[in-house]
Amino acid sequence: MKDRDGPLLNIKGLKKSFGDNLVLDGISFSLDTGENKVIIGPSGTGKSTVLNCINRLVVPDGGEIWLEDTEIVSCSNINEIRQEIGYVFQGFGLFHHLTALRNVMLGLIRVKKTPKNEAKEQAIAKLEQVGLLDVLDSYPAQLSGGQKQRVAIARALAMEPKLMLFDEPTSALDPELIGEVLNVMKNLAREGMTMLVVTHEMGFARAVSDEIIFMEKGKIVEKSSPEKMFEQPENPRTREFLFKLDELYGKGGE
Amino acid sequence: MILLEARIELIRRSLPALLGGTVITIQLTVLILLFGVFFGLIFAFGQVYGIKPIRWFVNVYEKIFRSIPELVLLLLVFYGPPSLGIRISPFNAAVLGLGLRATAYMSQIFRGTFKSVGSDQITAAYSLGMGKYKTFLFVILPQAFRVFIPPFANEYAIILKDTSLAYALGVAELLRQGQYIIAVAYDPLTIFLAIAAIYFVLTFGVTRLLKVLENKLKIPGIGVEIG
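If you're matching them up, the sequences are chains R and G in order.
Take the first sequence: its letter number 28 is residue 28 in our numbering, and every next letter is one higher.
For our numbering, add 1000 to where a residue sits in the second sequence, where the first one is 1.
Derived by calculation from the structure, the hints in this document are not laboratory data.
Careful, some of the hints might be misleading.
[Stated by the list, open to error] Computed list of lysine-lysine pairs in DSS-like fashion (alpha-carbon distance at most 27 Å, straight line):
#1 R:Lys228 / R:Lys186
#2 G:Lys1115 / G:Lys1216
#3 G:Lys1115 / R:Lys120
#4 G:Lys1134 / R:Lys113
#5 R:Lys116 / G:Lys1216
#6 R:Lys120 / G:Lys1134
#7 R:Lys244 / R:Lys162
#8 R:Lys112 / G:Lys1132
#9 R:Lys112 / G:Lys1134
#10 R:Lys162 / G:Lys1132
[Claimed, not checked] Computed, partial: chain G to chain R, Cβ under 8 Å:
#11 Gly1112
#12 Thr1123
#13 Gly1131
#14 Phe1136
#15 Val1139
Think of the CB as a built atom: it goes at the ideal place given N, C-alpha and C, for glycine as much as any other residue.
Using the sequences provided together with the hints, build the complete structure.
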């Protein structure tokens, strides 16, 4: 499947401070095409900052981020790189003045310069993929949280990204709406999308991820397969954290 | 008592002069609005996106011009420059004086409308590969424009009514035209009522139109359930 050697995304020694607060203290990991990795860890440990650095919404202080042959931290064409990376946020970030369909079309028309008719076809296809053909003409304020997040996923997918980033995509949702978003993400994973997901949904992590990365205080404490992470975590901190999550969200295996 | 027929006849005869004054009033209003929108927009950009000294300047400007009575501003702009050897016509002084004030208010209206668009939408736009310029044009501006209409309608009404202060500088706007007629016909009640009616029509009519525009552009669902 791969048409080139080496990982799709390669992060080396990523560092970032906000003022005196060291948020990322030398983060390194990589992602091959088609791989799915989940980052877990206590809040405030820089998980979201890692994602924000990958498409340079936050500029790192040190380290390198390679998307194939392009180094993102130092590149001069960040708007082109961002088209290659889909980003789904906790807070959806839908454009309030546009219908679901228009939300998905905007990037195609204004960034990719796709002709309007083609953009519409592609946008409808993506909305169909996330099961939202019935709300094409609804505005964000008329949608449920789960629908909003699925529109946001369709909007990111429409750009045909090489990599999808998810930053706690279900954290702002009512419990009964989480499932529909996770299902869309699981399908994406099965279809071979490369994904990096920050989440507390251990069921999802266990079902689709190739590797789980446990982060704490700006460092990667442990990286391993979900089986190993859940059955016999090496680090005592990992064990403690997973135990707490179990208490909060139920067992990862379900 | 002046007979009703006499009053109606007076209004009929005065109408050309009053409408002449109305034209001047409308000209003043439009020019002051344009002045305020143009400089208010620049100031708002400076305050939201500019460097620190620019933000400071706009902040101080806004505080000063919101704290001086309009009439004092007009007198200052009209009688001030001649003592420095600069001549300014009453009409231009009225546009300048009220325009400076409108700039201060407009800049705050624009600032609020720019900031009304949530940062998550802006981040989402960036992550699609839209730069700052496209994000402003296609995400911030369309939403800011909708938020802008109600305070703009309000500001329009204020400016229209404030143009009557140009009376003090001798500009032949609606109120002064009325005074000329009163000086000859001596029926202040009738003439002032006619003037009040004209102001009312201009204010109410245009704010109504803007309300229609606002409703037409309303984003479905918002106001029903925010978020």
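Status of each hint after checking the structure:
1. R:Lys228 / R:Lys186: holds (21 Å)
2. G:Lys1115 / G:Lys1216: Holds - the C-alpha atoms of G:Lys1216 and G:Lys1115 are around 22 Å apart, at most 27 Å.
3. G:Lys1115 / R:Lys120: violated (30 Å)
4. G:Lys1134 / R:Lys113: holds (12 Å)
5. R:Lys116 / G:Lys1216: The hint holds at about 24 Å.
6. R:Lys120 / G:Lys1134: holds (20 Å)
7. R:Lys244 / R:Lys162: violated (34 Å)
8. R:Lys112 / G:Lys1132: Holds. R:Lys112 to G:Lys1132 sits at ~16 Å (cutoff 27 Å).
9. R:Lys112 / G:Lys1134: Judged against 27 Å, a Cα distance of about 12 Å means the pair holds.
10. R:Lys162 / G:Lys1132: Within the cut-off at roughly 23 Å; holds.
11. Gly1112: This interface hint is violated because 16 Å lies over the 8 Å limit.
12. Thr1123: holds (6 Å)
13. Gly1131: With Cβ-Cβ at 5 Å, under 8 Å, it holds.
14. Phe1136: Constraint on G:Phe1136 not satisfied, violated at 12 Å.
15. Val1139: Holds, about 6 Å.
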